[in-house]
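Novice: With the hints as constraints, model all of the structure from the sequences given.
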Amino acid sequence: MTEVPDSEVLGPGVADAPTGGWRTATVSGVRRPIQRSVELRLDVHDRVDHLPGQHYVVRLTAEDGYTAQRSYSVASAPGDPLIELFVERLDDGEVSTYLSDVVEPGDDLEVRGPIGGWFVWDGETPALLLAGGFGVVPFVAMLRHARALGRSDLLRVAVSSRTLAELPYAEELMDAGALIVLTREGHGIRPAGRLTAAELVPLWEPGQTAYVCGSASFAEAASQLLVGMGVPAADIRVERFGPSGAPT
Amino acid sequence: MPTPTRGFFGRRRDRDPRLPPGQYDVGGDWPVLTAEPTPRIAPETWSITVDGRVEAPTTWTWDEAHDLARSEYRGDIHCVTTWSKFDTRFAGVSVDTLLEAARPTAEAHFVMATSKTGYTTNLPLEHVTGGKAWVVWEFDGRPLPIEHGGPVRLLVPHLYFWKSAKWVSKLTLMTRDQPGFWEQNGYHDLGDPWRQQRYQGD
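Chains A and B, in that order, are what the protein sequence lines are. Each residue of the first sequence is one higher than the one before, starting from 4 at the first, in this note's numbering. Each residue of the second sequence is one higher than the one before, starting from 13 at the first, in this note's numbering.
Derived by calculation from the structure, the hints in this document are not laboratory data. Don't take each hint at face value.
[Stated by the list, open to error] Using C-beta positions, here's what the derived DEER-type ranges look like: (1) Glu119(B) - Val33(A): 54 to 62 Å; (2) Arg18(B) - Ala168(A): 28 to 36 Å; (3) Asp156(A) - Gly87(B): 45 to 53 Å.
[As the list claims (entries may be wrong)] What the simulated footprint calls covered on chain A by chain B, stretch by stretch (three residues with Cβ under 8 Å from a Cβ of chain B suffice, anywhere in the stretch; the number is not a length): (4) 56-64; (5) 132-146; (6) 156-166; (7) 223-229.
Small disclaimer: the values here were computed from a predicted structure and weren't measured. The beta-carbon is built from N, C-alpha and C at its ideal position, and this holds for glycine as well.
Specialist: Below you can see the structure in the form of structure tokens.
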């Protein structure tokens, strides 16, 4: 059990993080690299470039004006001419089932973004990234941005998934040198099992900001691992997924 | 009205009238959404302070807060991430009770709620007075779980739930509005779910 001191832990995030209003996005590409999910490539008209870690809202409107909207982290780097979203298909998900089952290239979607100034990487600060499952999406944007800047050295990554087949961007993450933690199957010499502090210690360096993204249970476990290792709570930024798959 | 999205019909039409626009009923779940590691706060180390533009800055310990008149909220809560939860039951003390003791001055118009973690959120004073806001330590008759802000959180159920600061420890009365944590990060200063005030500019 950890006592967080009575001090300012949460700051304002990245100053002047870009914010965009409602836009039309034309669907440029639809892929399904892994099961129960969809990768959408969107041409956002009159786009405001994002910072890695920010998200977009997608709003769907029925003929009678009924709307449903959800937030999705951006996977693409700011330099990418398209916005890439990677959406987990939830069986009872009103928006994710539409995006996964119905959307085709050429469709127009109503989107809003970029949004968020807290779970954002500035491209300069050393960072430790811990993701569970679809929590990898904002980190893929950070890794791509770092590569574009020639600063891949700034980022250390550990990702956890039940199996490799269920992990979005698995190859790209392995190419980036991410620690791959699988809880239901072995990976290389690593047996199946949860992420441990012993695995994280070599990735941690003072001065890093730690970013944790995943389900509520993953985020809680991973952030408490970090706190237990002595990482100051002030240096840990957490993004938890709700049942909608929506961050923040 | 925006152009309809091709092939989107939506889940239901017989929407519960308790559901603000753009929200869905999360049912029995209660999602956890926080930006920082969950702090472990022992009740005996927790206290609530009302300060700033008040005549009598006051701090209550856990026991002292429990000696105040108990007050309950029964009703719905709404999160900006689009879930709503019906028929919740919270208990604690009305913010009115705390303010009666601390006595806001005539120039107090806004409140900044601060948590043990440093999380902050800003509220107009008239949105936390008149039986609209509580400091709560009970949910459904049991101690408030830590992941939901236990031992004690703010409860302002008529606004989006990020205004109901978890692990609340201070209410500071202010003359002018200042943005809190999410408000500095793109979210709305008031956050009325019935007007869909999700982001700055809504």
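Novice: Would you mind marking each hint as holding or not holding in the structure?
Specialist: Hints, verified against the model:
1. Between Glu119(B) and Val33(A) the C-beta distance comes to about 57 Å, which sits within the given range of 54 to 62 Å.
2. Under the hint 28 to 36 Å, the C-beta atoms of Arg18(B) and Ala168(A), about 31 Å apart, fit the expected range.
3. Distance hint check for Asp156(A) and Gly87(B): the Cβ-Cβ separation is about 52 Å, which falls inside the suggested range of 45 to 53 Å.
4. Coverage of the segment 56-64 of chain A by chain B holds [criterion: at least 3 residues with CB-CB distance below 8 Å; count 3].
5. Counting residues of the segment 132-146 of chain A whose CB lies closer than 8 Å to any CB of chain B gives 0, so the stated coverage by that chain is violated, three being the minimum.
6. Remark: the segment 156-166 of chain A is not confirmed as covered by chain B, as 0 of its residues place a Cβ nearer than 8 Å to a Cβ of that chain, below the required three.
7. Coverage of the segment 223-229 of chain A by chain B holds. Counting CB-CB distances below 8 Å, 4 residues qualify, and the rule asks for three or more.
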